[in-house]
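S.K.: So you can see what is in the structure, the chains are spelled out below.
Number of protein chains: 2
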Amino acid sequence: MSAIQKNVEAASEKYSSTFTQGHLALPPAKKYLVLTCMDARIDPAKAFGIELGDAHVIRNAGALAQDALRSIVISQQLLGTREIVLVKHTGCGMLTFTNEDAYRIVDANLGSDASEELKSRDLDFQPFPQLEPAVKADVEFLKNTKLISDSVAVSGWIYEVETGKTRRVV
Amino acid sequence: MSAIQKNVEAASEKYSSTFTQGHLALPPAKKYLVLTCMDARIDPAKAFGIELGDAHVIRNAGALAQDALRSIVISQQLLGTREIVLVKHTGCGMLTFTNEDAYRIVDANLGSDASEELKSRDLDFQPFPQLEPAVKADVEFLKNTKLISDSVAVSGWIYEVETGKTRRVV
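Just so you know, the sequences run in chain order A and B.
Residue numbering for the first sequence follows the UniProt record's numbering, beginning at 1 and increasing consecutively.
Residue numbering for the second sequence follows the UniProt record's numbering, beginning at 1 and increasing consecutively.
This is chain A alone, in the form it adopts within the complex (with noise of 0.2 angstroms):
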């Protein structure tokens, strides 16, 4: 077993001898998302306010909409949040490359069957050259689509990895 899954098991222990929650209901109580990137350098809970229970939270990298999509109308469709807040963030590593680093990248390292296979399901890593504009289109998006309902609220947020702030942008 390696280092990082001892860790996984010592913190299971540690957390469930004195958790109390195992009555929360599955729909999120407070009824709405919080879509963010997965850098590790946010943690959701404590940085945007969020208790165990009450909204779901969808990270993955450079907290991208349209890659969420499925995860969102799941979220609202099926399990009736009705309120969507998004959070990029500085520093994000997707400011720091394009699609073609990548593709050059996994290519280096992982060789043509690799770069065979990115090919084949057209993968596009959607990195943005900049940090605010990719926020408003980001809502935009989330505002434009049909899968999301027009009374659905949506706003946009930075959180700065420097000083621990989360500010509105849109």
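Just to be clear, a hint being listed does not mean it is correct.
[To be verified] Dumping the calculated EDC-like pairs for lysine to aspartate or glutamate here, alpha-carbon to alpha-carbon at most 20 angstroms: (1) A:Lys46 with B:Asp124; (2) A:Lys31 with A:Glu83; (3) A:Lys143 with B:Glu13; (4) A:Lys30 with A:Glu83; (5) A:Lys136 with A:Asp54; (6) A:Lys119 with B:Asp122; (7) B:Lys119 with B:Glu100; (8) B:Lys136 with B:Asp150; (9) B:Lys143 with A:Glu117; (10) A:Lys146 with B:Glu132; (11) B:Lys136 with A:Glu9; (12) B:Lys136 with B:Glu83; (13) B:Lys119 with B:Asp107; (14) A:Lys46 with B:Glu13; (15) A:Lys31 with A:Asp54; (16) A:Lys146 with B:Glu140; (17) B:Lys165 with A:Glu51; (18) B:Lys143 with A:Glu100; (19) A:Lys165 with B:Glu51; (20) B:Lys146 with A:Asp54; (21) B:Lys46 with B:Glu160; (22) B:Lys30 with B:Asp54; (23) B:Lys146 with B:Asp107; (24) A:Lys146 with B:Glu116; (25) B:Lys46 with B:Glu117; (26) B:Lys30 with B:Asp150; (27) B:Lys165 with B:Glu132; (28) A:Lys30 with A:Glu117; (29) B:Lys30 with A:Glu9; (30) A:Lys136 with A:Asp150; (31) A:Lys31 with A:Glu9; (32) A:Lys31 with B:Glu9; (33) A:Lys119 with A:Asp150; (34) B:Lys31 with A:Glu83; (35) B:Lys146 with A:Glu116; (36) B:Lys165 with A:Glu9.
[Unchecked claim] Over the 12 angstroms line for every Cβ pair with chain A, so calculated as not near, a few chain B residues: (37) Lys6; (38) Ala108; (39) Pro129; (40) Leu131.
Everything labelled a hint here was simulated from the structure, so no lab data went into it.
Glycine included, every Cβ here is placed at the ideal spot set by N, Cα and C.
Assemble the complex: chain A is given as a structure, and chain B must be docked to it using the hints.
M.R.: Same frame as chain A, now just chain B:
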């Protein structure tokens, strides 16, 4: 501003007032990633023992490996993670519906324009009927794709929302 947006602002004020970790680097310090579900009852940091800055956390409906592939490849090829901890959970919403159910619900709630968009995007909600087989299948997927190096350790776990425990499956 909605109550939920006010809550984000209040959390930001509180969190940033004692924040001392603005120095953390972009690549995860412990070089691993956790893939888990968006479910509101999961706090990955506490339940799985993730310190700020240590690991990427990817979350989607059902902790689906295929849906997370873009993020996983970025995490490993561009940001150096070397291990994957995949955690699905008891009481998952993905166990409760079929793709056909979801298509019917979207049509009933959002109308034919939404149904058209679902079809044009060819959106597969990817529900699964049984938990442990789904964990095993996703671990197999991660081991078989050429887009993840054979040297990456992959483990599959189940978090129990009733007890707060995380147990290893594979």
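S.K.: List, from low to high, the hint numbers that the structure doesn't satisfy.
M.R.: 1, 3, 5, 10, 16, 18, 20, 23, 25, 28, 31, 33, 34, 37 and 38
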